[in-house]
Amino acid sequence: MSNKFKGRYTVADGYVGRDRPQTFMFHAGDLEDDMTDEDLERAYEEAAQYHFEQFLTPEVDRFDEFKVWAREQLAMREKDA
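Each residue of the sequence shown is one higher than the one before, starting from 1 at the first, in our numbering.
Keep in mind that the hints were calculated from the coordinates and are not lab data. Cβ coordinates follow ideal geometry from the N, Cα and C atoms, glycine included. It is possible that some hints are incorrect.
[Stated by the list, open to error] Ranges between beta-carbon positions, derived for each pair:
| id | residue 1 | residue 2 | range |
| --- | --- | --- | --- |
| 1 | MET76 | ASP39 | 52 to 60 Å |
| 2 | TYR15 | ASP80 | 33 to 41 Å |
| 3 | GLU65 | SER2 | 43 to 51 Å |
| 4 | GLU41 | ALA75 | 47 to 55 Å |
| 5 | PHE52 | LYS4 | 14 to 22 Å |
| 6 | ALA75 | TYR44 | 49 to 57 Å |
| 7 | PHE5 | MET76 | 50 to 58 Å |
| 8 | THR57 | GLY29 | 22 to 30 Å |
| 9 | PRO58 | GLY29 | 25 to 33 Å |
| 10 | TYR50 | GLY14 | 20 to 28 Å |
| 11 | ALA70 | ARG20 | 24 to 32 Å |
| 12 | VAL68 | LYS6 | 40 to 48 Å |
| 13 | GLY7 | LYS67 | 22 to 30 Å |
| 14 | THR57 | GLY14 | 17 to 25 Å |
Make the full structure from the sequences, and use the hints.
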């Protein structure tokens with residue numbers, strides 16, 4: 001039996017599909033002898049959250065379009081002032 005467990009989670013973003021599950025490793029050394037089922041669930045969720053925060057980052061696009069839009073908004077604001 002391995003001393004590592006391959007956990008899995010999906011990103012809840014409100015869209016249908018969830019076709020890109022993410023995986024993380026949970027190590028036996030992170031378990032404490034007196035953990036309850038609730039403790040185990042919390043530790044597993046925390047490990048998934050840690051992985052999410054460390055390894056998933058948004059990739060933005062349309063920045064050029066955003067700059068045009070933002071400049072127009074700022075110009076209108078200046079005109080109205």
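Hints and how they fare:
A hinted range of 52 to 60 Å holds for the C-beta pair MET76 and ASP39, which are about 55 Å apart. Distance hint check for TYR15 and ASP80: the Cβ-Cβ separation is about 37 Å, which falls inside the suggested range of 33 to 41 Å. For the hinted restraint 43 to 51 Å between GLU65 and SER2, the CB-CB distance of approximately 48 Å keeps it satisfied. Remark: the range hint 47 to 55 Å for GLU41 to ALA75 is upheld by a beta-carbon distance near 53 Å.
Under the hint 14 to 22 Å, the C-beta atoms of PHE52 and LYS4, about 19 Å apart, fit the expected range. Hint check: ALA75 to TYR44, Cβ distance near 51 Å, so the stated range 49 to 57 Å holds. In this structure the hint that PHE5 and MET76 lie 50 to 58 Å apart at CB holds, the actual value being about 55 Å. In this structure, THR57 and GLY29 meet the distance hint of 22 to 30 Å, their C-beta atoms being roughly 28 Å apart.
The given range of 25 to 33 Å is respected by PRO58 and GLY29, whose C-beta atoms sit roughly 32 Å from each other. A beta carbon spacing of about 23 Å between TYR50 and GLY14 agrees with the range 20 to 28 Å that was offered as a hint. As the Cβ distance of ALA70 to ARG20 is approximately 31 Å, the hint placing it in 24 to 32 Å holds. Here the CB-CB span from VAL68 to LYS6 is close to 45 Å, well matched to the stated 40 to 48 Å.
Remark: the range hint 22 to 30 Å for GLY7 to LYS67 is contradicted by a beta-carbon distance near 40 Å. Checked against the hint of 17 to 25 Å, the pair THR57 and GLY14 passes, with Cβ atoms roughly 19 Å apart.
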